[in-house]
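K.L.:
Sequences listed follow chains B and Z, in order. For the first sequence, position 7 matches number 7 in the working numbering, and the numbering has no gaps at all. To convert a position in the second sequence, counted from 1, into the working numbering, add 307.
One or more hints might be untrue.
As the list claims (entries may be wrong) - Computed cross-link-like contacts, BS3-like style, restricted to lysine-lysine with a CA-CA straight-line distance of at most 30 Å: (1) Z:Lys459 with Z:Lys540; (2) Z:Lys545 with Z:Lys611; (3) B:Lys210 with B:Lys82; (4) Z:Lys546 with Z:Lys502; (5) B:Lys98 with Z:Lys545; (6) Z:Lys459 with B:Lys146.
Hints were generated in silico from the structure; no laboratory data involved.
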Amino acid sequence: MTKTNNTCNTCISDLTRRDFLKVAGAVAGGLTATGALTNSALASSGGGDIPLEDQKAMLYDATYCVGCRECELACKEDNQLKEEDVDDLSGHTFTLIKLYQSEDGSEESFRKYQCMHCVEPACVISCPVGALEKTANGPVLYESLKCIGCRYCMQACPYGVPAYDWSEAYPLIAKCDLCYDRQDGTACALACSPGALISGTRGELLEIAKERIAANPGKYHEDRVFGEHDGGGTSFLILSGVAFENIGLPPLTEESIPEQGHTATKAVPYIFGGAAGLMALAYRATMSSEERAQIQEEYSKEEGETA
Amino acid sequence: MTTITIPKIKKEVPLFILFLAVVALLGIFAMGTRWIYGLGAVTNLSDTRPWGLWISFDLAVMAFSGSAFSLAALTHMFHRYKYHNIARVALISGFVGYISAAAALTVELGRPERLWHYFFYWNTHSPLFEVGMCVITYLLILTLEFLPMLLKKLEWNRMLKGIHFFEIPIVAAGIILSSGHQSSLGSISLALPLKLHPLWYTPMLPVIFFISALTSGFAMAILVGLLGMRFFKDWHFKKGVFSGLGRYLLVFLSITLLIKLGELAYAGELGLMFENSYQGKMFLIENAMYILPIIILLIPKINKRRPWIFRAAALSVGGLVMHRFNVSFVGLAGAQYYPTWQELLSTAGLAAIGIILFWLIASNLPLMEDEKEASSQ
Ligand code: SF4
Ligand code: SF4
Ligand code: SF4
């Protein structure tokens, strides 16, 4: 599988050559400028980019889900995770079915929790050592050997996905990998008999979802698919009969988190460059001619002492 | 540090330092429990509250270790030589501050043994990567700035001269690096728009982090300078140094406060602080600790008197520490959290180690020696 390092899609597309020259001019050799360079170089030479609609994805239709939890079992088996009784994703649980019930009991729905495989993942941009990576085919993968355990990914993920086995003295992150090494789909989707969970390409799944919405007006919340655009889009798409926030989905705008923080990251080289310039100016400007002479004198005095 | 012992090391150890040594040992013991039993066993951290006291401690310590760069800029870039001695004191406190902050990472990280990965696996888009890189290089720079004092003590004059030659570029690089990472520390929270309370979340966070670190740099220098004069009989500063620092403190405190509140007003969220919530109250306390010193420093006679300057400085360092705790803990959504005794003890131990280190350096190296040369103008 060819992997591209599109950690920050906006960077690659935003940084036109003119932009890049500006940045590079601001700090010759500044950290971020070099980073942007390697990234855009990667993007142009890679050529292995798979269009979003052809990437691997899953669709979860909560209205079909009966809560049999066969998917949980299949995932445990496929990933050789130990059995445990938890009510949140954990170091040994990549996916979980939870039941939501409204207070008066009139409304209920299941929700499958797992990594959403965001199109522009917050976890990937956060990780200081690049242990999390958005692969060309869609899955967001974790390279355990790189991880230093800063837990920024846990903090940054808007869905609260990356988890630890806290009983370990030197733990590693655990999360769903969209069964990236399976050609036949995902283990959990294959185990789902009611057809609530299907795997396929993002394009075909979106089509199925939209057909269902069109065929059943009013059945689905807001008549839309969660994840088509939310938070910049996800590869795990959700159809729900109840309000998204009721099944614990965060209120995201269409802008991804990396995009939101982007302006700030982009400003860094300017800050560096600007600071250097200001420093030099201040150094010259606040020095009177007498002071200059004095310093000269001091230095020559020291020279005399050491000689 | 053992090499300093070659000429002669101070023999008498004050009681206070002995007490800190006990705290440090207990702290190391608490850190040991984390290395053996793990994070889950000795902390109250969880998947929804992955950062706790250690991270807040790091943020706070790194912020007031900014004293090194505020004072370096003032003395060397803006040529205010009367601050030369206090700048050296600030340099040492910044140096030990960063060392204890870095030491905290050995318990905070899930895989502390892999800290070196920072050098090999780069994600240049991560604010945390920026912070790490800047801190590592900045520590090197601080060492270089600190070296002349050591070399002077050891009387290695040729090397001393060599370093002197690079003094200004080194100082400038240090200032730039610390400006960079102080603001990147603020960018860390930019990735948490859903979690951080709107009282603190703003795109201006990097700017606020930078300017408040600069501010507390002056406050920290005042604190350490005045406290140190009680312990070290040979410490002496030029007249007007502290009231001068007080004036800078006043200016920068006001700027910080203006940006913080101004941004909030611009976003139309000022009302949030008067909501009777935990966060609202913490925000009010935090900002009271900015406003009080401003008032103290505005009163004509009082702002020239050392005890009051000291109080104002202590308050503003407190306000800064509160801000960092609020951003990394109080204002962050997540599971209930309060530190365990292991977390508290190890944090106290790390702070104690920092202070002991400071005492060792300050009582053995000629911090004040350059006074005559520097003030000859
Ligand atoms: S859901 Fe969380 S862990 Fe999964 S890709 Fe998105 S940000 Fe990363
Ligand atoms: S905990 Fe590991 S994977 Fe997560 S951000 Fe830190 S280094 Fe990256
Ligand atoms: S896609 Fe694979 S790893 Fe992810 S929840 Fe389903 S079975 Fe588990």
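K.L.:
Please work out if Lys459 of chain Z and Lys146 of chain B have their alpha carbons no farther apart than 30 Å.
P.N.:
Distance ~42 Å between Lys459 of chain Z and Lys146 of chain B Cα, so the pair is violated.
K.L.:
Given the hint that Lys210 of chain B pairs with Lys82 of chain B, does the C-alpha gap stay at or below 30 Å?
P.N.:
Violated, at roughly 37 Å.
K.L.:
Keeping to a limit of 30 Å between CA atoms, is the pair of Lys546 of chain Z and Lys502 of chain Z held or broken?
P.N.:
48 Å, violated
K.L.:
Would the hint linking Lys545 of chain Z and Lys611 of chain Z be met if the CA-CA limit is 30 Å?
P.N.:
14 Å, holds
K.L.:
Given the hint that Lys98 of chain B pairs with Lys545 of chain Z, does the C-alpha gap stay at or below 30 Å?
P.N.:
Judged against 30 Å, a Cα distance of about 68 Å means the pair is violated.
K.L.:
Could you grab the alpha-carbon distance between Lys459 of chain Z and Lys540 of chain Z and see if it respects the 30 Å cut-off?
P.N.:
Given that 30 Å is the threshold and the Cα spacing comes to 20 Å, the pair holds.
Violated hints, in rising order: 3, 4, 5 and 6; the structure is consistent with all others.
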